[in-house]
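Colleague: Sequence:
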Amino acid sequence: MKIVGVSACIAGLAHTYMAKSSLDEYAEAAGHDIKIELQGAMGIENRLTQEEIDEADIVIFAVDTNVTNRDRFEGKVILEVPTQKAMREGQEVIKEAENMVKEEGSINE
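Reading the sequence shown from the start, the letters are residues -7 to 101 in the numbering used here.
Among the hints, a few may not be true.
Claimed, not checked - Below 30 angstroms or equal to it, Euclidean Cα-Cα: the simulated DSS-like pairs (lysine-lysine) are:
#, residue 1, residue 2
1, K27, K87
2, K68, K87
3, K94, K27
4, K27, K77
5, K94, K68
6, K87, K(-6)
7, K77, K87
Worth flagging that the hints you see were computed from the coordinates, not collected in a lab.
Please work from the sequences and hints to get the whole structure.
Modeller: In structure tokens form, the structure reads like this:
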């Protein structure tokens, strides 16, 4: 499964990075490709290309604030969770994403 997403907290510091780290760890352990864009105090880091977004099976927004340029993700299956949930329950968030993709029946191989 291909996962892309955005991590962003209100301050744009620690929680943004910790949520990304947790999602990366559990997605990779489950054998998925993942790339999370960081939107924080340093601006946008690890920016997603439109091609990466288009090829993704699901988008995870681990956010406590607005997603910059959210319209890039129009038409995609989106799972939105608070950064705290992504940090503390990363494995559960990845399982939820897997279930959403199975329900949609749309895995890009």
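Colleague: Taking the hints in turn, state whether each one holds.
Modeller: Cross-check of the supplied hints:
no., hint, in the structure
1, K27 with K87, "holds, 16 angstroms"
2, K68 with K87, "holds, 18 angstroms"
3, K94 with K27, "holds, 20 angstroms"
4, K27 with K77, "holds, 18 angstroms"
5, K94 with K68, "holds, 14 angstroms"
6, K87 with K(-6), "holds, 13 angstroms"
7, K77 with K87, "holds, 13 angstroms"
Going through the hint list in order, the structure satisfies each hint without exception.
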